[in-house]
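Number of protein chains: 2
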Amino acid sequence: MKARVHVMLKNGVLDPQGEAVRHALGSLGFDGVEKVRQGKVIELELAETDEAQARDTVTAMCEKLLANTVIESYSVELV
Amino acid sequence: MKARVHVMLKNGVLDPQGEAVRHALGSLGFDGVEKVRQGKVIELELAETDEAQARDTVTAMCEKLLANTVIESYSVELV
Numbered sequence: 028m029k030a031r032v033h034v035m036l037k038n039g040v041l042d043p044q045g046e047a048v049r050h051a052l053g054s055l056g057f058d059g060v061e062k063v064r065q066g067k068v069i070e071l072e073l074a075e076t077d078e079a080q081a082r083d084t085v086t087a088m089c090e091k092l093l094a095n096t097v098i099e100s101y102s103v104e105l106v
Numbered sequence: 028m029k030a031r032v033h034v035m036l037k038n039g040v041l042d043p044q045g046e047a048v049r050h051a052l053g054s055l056g057f058d059g060v061e062k063v064r065q066g067k068v069i070e071l072e073l074a075e076t077d078e079a080q081a082r083d084t085v086t087a088m089c090e091k092l093l094a095n096t097v098i099e100s101y102s103v104e105l106v
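Here the protein sequences come in this chain order: G and X.
Quick note: the first sequence uses the working numbering, first residue 28, plus one each step.
Quick note: the second sequence uses the working numbering, first residue 28, plus one each step.
One should not assume that every hint holds.
Any copy, or any two copies together, can satisfy a pair, since identical chains are not distinguished.
Derived DSSO-like pairs: lysine-lysine, alpha-carbon spacing no greater than 27 Å straight-line [to be verified]:
id : residue 1 : residue 2
1  : Lys62     : Lys91
2  : Lys62     : Lys29
3  : Lys91     : Lys29
4  : Lys37     : Lys67
5  : Lys67     : Lys91
6  : Lys67     : Lys29
Please keep in mind that the hints were generated in silico from the structure rather than gathered at the bench.
In this text, all values refer to a predicted model and were calculated from it rather than measured experimentally.
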């Protein structure tokens, strides 16, 4: 089973990387870019075949390793 | 209009970051993780309201700045 995890900085947390991208896009002539946030996406291939079990496992992975839950939020999607 | 861009390393390109995550998950006791690939997700807020136009603009941004198309593939999603 494949899972995809999105990890984004929480709203209100400064995102200098996103800000740098926004600035660079402006310099390249792309106008009308109001906001940019950059995050991580992690694709996992799991041996687990049960959907509920897989979701629980991936959520535990996020809490323990993949996301810093103080400043980041995550979402789990099974594909 | 909001757009979300996924940038992943192309298949066949080594992903040491993903490999490190896989290894760390194993060390934490998560068995059955067969493969991990890590990429970037970039969320953009655009002033543009026309969907086709927004997609074209974001594709141009990917080609020029957001993705290194030699080793990375990207996908654009409007939300």
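So, going through the hints one by one against the coordinates:
Taking the shortest Cα distances, Lys62 and Lys91 sit within 27 Å of each other only across copies (18 Å), while inside one copy they are farther apart (30 Å). In the homo-oligomer, the alpha carbons of Lys62 and Lys29 lie at most 27 Å apart only across protomers (9 Å), although the nearest pairing inside one protomer, at 30 Å, exceeds that limit. For a Cα distance limit of 27 Å, the shortest separation of Lys91 from Lys29 inside one copy, 19 Å, qualifies, whereas the shortest one across copies, 30 Å, does not. For a Cα distance limit of 27 Å, the shortest separation of Lys37 from Lys67 qualifies both inside one copy, at 13 Å, and across copies, at 16 Å.
For the identical chains of this complex, Lys67 and Lys91 are neighbours both inside a copy (16 Å) and across copies (20 Å), given an alpha-carbon limit of 27 Å. In the homo-oligomer, the alpha carbons of Lys67 and Lys29 lie at most 27 Å apart both inside one protomer (17 Å) and across protomers (17 Å), since each shortest distance falls under that limit.
This entry satisfies every hint, going by the numbered hints stated previously.
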